[in-house]
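Chains as they are written, first to last, in the working numbering: chain U, 7 to 331; chain A, 2 to 250; chain P, 2 to 271.
Hints are computed from structural coordinates only; laboratory data are not their basis.
Bear in mind that the values here come from a model prediction, so they are computed numbers and not experimental data.
Quick reminder that beta carbons are idealized off the backbone N, C-alpha and C, glycines included.
Treat the hints with caution; some may be incorrect.
Unchecked claim - List of simulated lysine-lysine pairs, DSS-like, C-alpha gap at most 27 Å:
id, chain 1, residue 1, chain 2, residue 2
1, U, K133, P, K20
2, U, K201, U, K13
3, U, K154, P, K24
4, U, K311, P, K24
5, P, K24, U, K133
6, U, K311, U, K295
7, U, K295, U, K305
8, U, K206, P, K20
9, U, K133, U, K154
10, U, K136, P, K24
11, U, K276, U, K42
12, U, K42, U, K245
Claimed, not checked - Short derived list, chain P residues pointing at chain A, Cβ under 7 Å:
id, residue
13, F45
14, Q46
15, A48
16, L53
17, R55
18, F56
19, V57
20, F66
21, N182
22, I183
23, F186
24, L189
25, L190
26, N195
27, F196
28, Y252
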Amino acid sequence: MTDGQEKAIIVSDLRRVYHTSKGILRKTRQAVEAVKGISFDVEFGELFGLVGPNGAGKTTTIKMLTTLLTPTSGAAKVLGFDIVEDVVEIRRRIGIIFGGERGLYYRVSGRENLRYFADLYGVPLSKREKRIAQLLDMVGLSDRADSKVEEYSRGMKQRLHIAKGLINDPQLVFMDEPTIGLDPQAARDTRAMIKQLVEKGKTILLTTHYMFEADELCRRIGVISNGEIVALDTPAGLKRFVKDITVIEVEAFGIVDADILNLRRRSEVKSVSANLEGERQTMRIQTPKGSEFIPEVTKLLSAAKIFDIRTKEPTLEDAYLRLVS
Amino acid sequence: MSLLHFFADPQWIIPNIIAPFVFTIVALVLFGNVSTSVALYAVLGGGMMGMWGNTLYGSGFALAFDRWNGTIEYVLATPSRLVWIIAGRSASNAVLGLVNALAIVLVVVIGYGTLFVVANPVLFILALIVTLVSLSALGVIFCSAFLLSRSAQVMTNGLEMPIYVATGSMFPIALLPFWSHPISLSLGPTWGIDAMRYASDAAYSGLGFGYWTDLLVVAASTAIYMAIGFWLFVVVEKKVRRDASLTEY
Amino acid sequence: MALTLADWPPYRIFWSSAKFAFKALFSWLRPPMWLTQLLVLPLFQMAFFVYLSRFVNPSGAAVAFIAVGNALQVASFSSIFAVCNLTSEEKWQGTLTSLIVTPANRFPLFLGRAMFQILNSMATVIVGLFYASNVFGVDMSQTDFFALAVVILVTSAAMTGFGLMLGSVGLFLRTAMIIANIFLFIGLLICGVNFPVTDLPTWLQPFSYAIPMTYGTMAARAAVQGSSTIELGPIILQELGAGAASILVGYLLFLGFEALARRRGAFEEF
Numbered sequence: 007m008t009d010g011q012e013k014a015i016i017v018s019d020l021r022r023v024y025h026t027s028k029g030i031l032r033k034t035r036q037a038v039e040a041v042k043g044i045s046f047d048v049e050f051g052e053l054f055g056l057v058g059p060n061g062a063g064k065t066t067t068i069k070m071l072t073t074l075l076t077p078t079s080g081a082a083k084v085l086g087f088d089i090v091e092d093v094v095e096i097r098r099r100i101g102i103i104f105g106g107e108r109g110l111y112y113r114v115s116g117r118e119n120l121r122y123f124a125d126l127y128g129v130p131l132s133k134r135e136k137r138i139a140q141l142l143d144m145v146g147l148s149d150r151a152d153s154k155v156e157e158y159s160r161g162m163k164q165r166l167h168i169a170k171g172l173i174n175d176p177q178l179v180f181m182d183e184p185t186i187g188l189d190p191q192a193a194r195d196t197r198a199m200i201k202q203l204v205e206k207g208k209t210i211l212l213t214t215h216y217m218f219e220a221d222e223l224c225r226r227i228g229v230i231s232n233g234e235i236v237a238l239d240t241p242a243g244l245k246r247f248v249k250d251i252t253v254i255e256v257e258a259f260g261i262v263d264a265d266i267l268n269l270r271r272r273s274e275v276k277s278v279s280a281n282l283e284g285e286r287q288t289m290r291i292q293t294p295k296g297s298e299f300i301p302e303v304t305k306l307l308s309a310a311k312i313f314d315i316r317t318k319e320p321t322l323e324d325a326y327l328r329l330v331s
Numbered sequence: 002m003s004l005l006h007f008f009a010d011p012q013w014i015i016p017n018i019i020a021p022f023v024f025t026i027v028a029l030v031l032f033g034n035v036s037t038s039v040a041l042y043a044v045l046g047g048g049m050m051g052m053w054g055n056t057l058y059g060s061g062f063a064l065a066f067d068r069w070n071g072t073i074e075y076v077l078a079t080p081s082r083l084v085w086i087i088a089g090r091s092a093s094n095a096v097l098g099l100v101n102a103l104a105i106v107l108v109v110v111i112g113y114g115t116l117f118v119v120a121n122p123v124l125f126i127l128a129l130i131v132t133l134v135s136l137s138a139l140g141v142i143f144c145s146a147f148l149l150s151r152s153a154q155v156m157t158n159g160l161e162m163p164i165y166v167a168t169g170s171m172f173p174i175a176l177l178p179f180w181s182h183p184i185s186l187s188l189g190p191t192w193g194i195d196a197m198r199y200a201s202d203a204a205y206s207g208l209g210f211g212y213w214t215d216l217l218v219v220a221a222s223t224a225i226y227m228a229i230g231f232w233l234f235v236v237v238e239k240k241v242r243r244d245a246s247l248t249e250y
Numbered sequence: 002m003a004l005t006l007a008d009w010p011p012y013r014i015f016w017s018s019a020k021f022a023f024k025a026l027f028s029w030l031r032p033p034m035w036l037t038q039l040l041v042l043p044l045f046q047m048a049f050f051v052y053l054s055r056f057v058n059p060s061g062a063a064v065a066f067i068a069v070g071n072a073l074q075v076a077s078f079s080s081i082f083a084v085c086n087l088t089s090e091e092k093w094q095g096t097l098t099s100l101i102v103t104p105a106n107r108f109p110l111f112l113g114r115a116m117f118q119i120l121n122s123m124a125t126v127i128v129g130l131f132y133a134s135n136v137f138g139v140d141m142s143q144t145d146f147f148a149l150a151v152v153i154l155v156t157s158a159a160m161t162g163f164g165l166m167l168g169s170v171g172l173f174l175r176t177a178m179i180i181a182n183i184f185l186f187i188g189l190l191i192c193g194v195n196f197p198v199t200d201l202p203t204w205l206q207p208f209s210y211a212i213p214m215t216y217g218t219m220a221a222r223a224a225v226q227g228s229s230t231i232e233l234g235p236i237i238l239q240e241l242g243a244g245a246a247s248i249l250v251g252y253l254l255f256l257g258f259e260a261l262a263r264r265r266g267a268f269e270e271f
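Modelling step: build the complete structure from the supplied sequences, incorporating the hints.
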């Protein structure tokens, strides 16, 4: 076994800078460092999660590892192959499942999509139809396989994406936000499928910004913020970041941005996150003070109408918020 | 707003600049060393083609763009009548066409060194504006067809050339087969081009009806086009609301 | 186990792409639309230049030259315009990324997609020649039809290769459509379609000879007037050469532009 093959993915100090130019007459060039030198490993058979806010660098990282983007500096090995030098070898062996609606040919059927990609991946002709049938069965599209993809619902398209990503029976599968935009049932089915794949021995690298999803699925999680990995551990390990705090959860109406700022100024408050849309606003305040702090909160939010206020155990989401803010 | 889209998607403008431009140069090469009054045909024709292209392409593509984006539902839902929105778009496209036409004329004049002298600038500009309005009105009619059909883009490709031929943009329609003359004469722009030639060249005889008759016919045709356009849009709007057939692409 | 042609990856990719393009195209292109493009466009383009020529030269001496030239040139709509836009179409659709991440060689992939356009080109030219003879009175009594058929085939194939080369830009930039439009019409000017290449300024002529169509128009005219395939051999070979050169350059450009796109992350920009 050659060096680098003990792990499915080895990332060493990967960096990616984007150059953008603005303006029509006089172009000003800007360099944006999307990924600032990250390193991590993924073991065989592991379900590894890469989480972070939008724009943190998750998609850029995945694009580099799936050969869609060359890094500015640094190196990475996927299944033992270099992401810059051995592009074709990598492409042959990995599967890619990007969420969203694009990436499928709408004007032909699901089956024809799979057939075409099977041809492009060089799936042996003798195995092709059988594998397509198996995949369609696995994702539950067997009865709609021969309808045009433009007629599929969002959930069905996502399922076809999964089938397409597995068409070459890859050892390693990359998934970029696989449940985004799906209704709860479809999302749950997708997660079940992902778990099945791991049970079959596949290695999966998944990006998501749903923390509960990462908590449920991943063996280890890398938290990316602003292009850097700020933490890498199992979900349990990450929760230890916040073991010293309690979360005060508030449900109210009438909270304004100024209230959030006021709370953040308090030294006892580690972080505040809020959803101020709609009639039932929610707020999560992380503080080591626990329930003693509730009267303070009530005072600070006196202008609002509070429906409910209670303490909760910190979740992975709280750890994440601590890490990225 | 659609102008912004237009500029954001520069690819849509290009065919309308390139095709008339190339056609004009080919015409000039074919004309060779003939007098400038004949060269007038080429340059004027080229400009006309530039204008027409924008009017037709603008509406067609703007619509196709809208349909692709799904924004056409929003356009339909606005209180102001669809007609005025499309009319506004056609007008702005016509102006774009004018700019395009001027660009072509300028480039050809500079590149080829032929000087394009207009005998009566005022009448010329008047004819130009009237023709422009007529073109816009025609554009409005075609818009409604595109609203119903999935194949807006293919249609626009198909209409360009027939119009260039039928309106006699670069040669007298007398050369065309006699049975096609009624078709040519039913198109407003045919008379408009004729009027512009009258205004440019004192020796021009053209269709033989004189400048002012030409203008009258253009104006009349514009009125007819607008009437048809209005009516068609009402029909389309009703049908669309009934069938909800628009966003299916 | 016997190895068939289908096991050779580039062939499989090519053939699969060709079938796929055909299926995808006809799932939305209704016959009336396609027929309109096939039948209407050539007629009016030819009419425009024929009447223009009659205006300049009332004797009608140049009509045959122009009619046959345009009959060939209309192939550009398929071989240049449609083919050049293949790559940007994929980008616009959002499927380019899906293709790039496969190990499939891009050139046979897009070449396969372009196959239908070769057929389309040939059909358009045949329709054009039909108009030339039946509507515009070009005398085809001396025509060597076999030679003409060879010219049509070679021109369609070579121009499709040319179009593919132009289309490689679409992997990296958004300007493929602009280029498609430029080359769609530029043929009218520099490929000896409406007047001989020798009428052009000398500095422009080398460009004409880089485009396969230039040889095609010359050969087609000669075939219409009765030259045989053997007599046309040299020109046809030159056209094949120009076509092969475009294919070679195209292959390199595909590799180059893809590498550029990977460096810039440009696969999804449209």
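Here's how the hints hold up against the structure:
Straight-line distance between C-alpha atoms of K133 of chain U and K20 of chain P comes to about 20 Å, which keeps the hinted pair within the 27 Å bound. Using a Cα cut-off of 27 Å, the hinted pair K201 of chain U and K13 of chain U holds, with the two alpha carbons roughly 20 Å apart. Distance restraint check for K154 of chain U and K24 of chain P: the Cα-Cα separation of roughly 11 Å lies within the 27 Å cut-off, and the hinted pair is therefore satisfied. For a cut-off of 27 Å, the pair hint linking K311 of chain U to K24 of chain P is broken: about 61 Å separates their Cα positions.
About 23 Å separates the Cα atoms of K24 of chain P and K133 of chain U, which keeps this hinted pair within 27 Å; it holds. For the proposed pair K311 of chain U and K295 of chain U, the alpha carbon gap of about 23 Å is at most 27 Å, so the pair holds. Among the hinted pairs, K295 of chain U with K305 of chain U is consistent with the structure: their alpha-carbon atoms are about 16 Å apart, no more than 27 Å. For the hint linking K206 of chain U to K20 of chain P, the alpha-carbon distance of about 34 Å lies beyond 27 Å, and the restraint is violated.
Under the criterion of a C-alpha separation no larger than 27 Å, the hint pairing K133 of chain U with K154 of chain U is consistent with the structure, at around 24 Å. Taking the CA atoms of K136 of chain U and K24 of chain P, the gap is about 22 Å. The hint holds against a cut of 27 Å. For a cut-off of 27 Å, the pair hint linking K276 of chain U to K42 of chain U stands: about 26 Å separates their Cα positions. Only pairs whose Cα atoms come within 27 Å are accepted, and K42 of chain U paired with K245 of chain U is accepted, the gap being roughly 25 Å.
With 7 Å as the threshold, the beta carbon of F45 of chain P comes within range of chain A, its nearest partner Cβ sitting at about 4 Å, so the hint holds. With a least beta-carbon distance of about 5 Å to chain A, the hint placing Q46 of chain P at the interface is held under the 7 Å criterion. For A48 of chain P, the suggested interface contact is upheld, since its CB lies about 5 Å from the closest CB of chain A, less than 7 Å. About 5 Å separates the beta-carbon of L53 of chain P from the nearest beta-carbon of chain A, less than 7 Å, and the hint is met.
Interface hint at R55 of chain P: satisfied, since its Cβ lies 6 Å from the closest Cβ of chain A, which is below the 7 Å cut-off. Checking F56 of chain P against chain A: minimum C-beta separation of about 4 Å stays under 7 Å; hint holds. Taking 7 Å as the C-beta contact cut-off toward chain A, the hint placing V57 of chain P at the interface holds, the least distance being around 5 Å. A distance limit of 7 Å between C-beta atoms decides the matter here; for F66 of chain P the minimum to chain A is near 11 Å, and the interface restraint is violated.
Given the 7 Å rule on beta carbons, the hint for N182 of chain P holds: about 5 Å separates it from the nearest Cβ of chain A. Using the Cβ-Cβ criterion of 7 Å, the hint placing I183 of chain P at the interface with chain A is satisfied: the shortest such distance is roughly 6 Å. A cut of 7 Å between beta carbons decides the hint on F186 of chain P: the least distance to chain A is about 4 Å, and the hint holds. Taking 7 Å as the C-beta contact cut-off toward chain A, the hint placing L189 of chain P at the interface holds, the least distance being around 5 Å.
The criterion of a C-beta within 7 Å of any C-beta in chain A is met by L190 of chain P, whose closest approach is roughly 5 Å, and the hint holds. Proximity of N195 of chain P to chain A holds as hinted, the smallest CB-CB distance being about 5 Å (cut-off 7 Å). Of the supplied interface hints, the one on F196 of chain P holds, with its beta-carbon coming within about 6 Å of a beta-carbon of chain A, less than 7 Å. Residue-level restraint check for Y252 of chain P is violated (minimum Cβ-Cβ distance to chain A is 25 Å; threshold 7 Å).
Hints 4, 8, 20, 28 from the earlier list are contradicted by this structure; the remaining hints agree with it.
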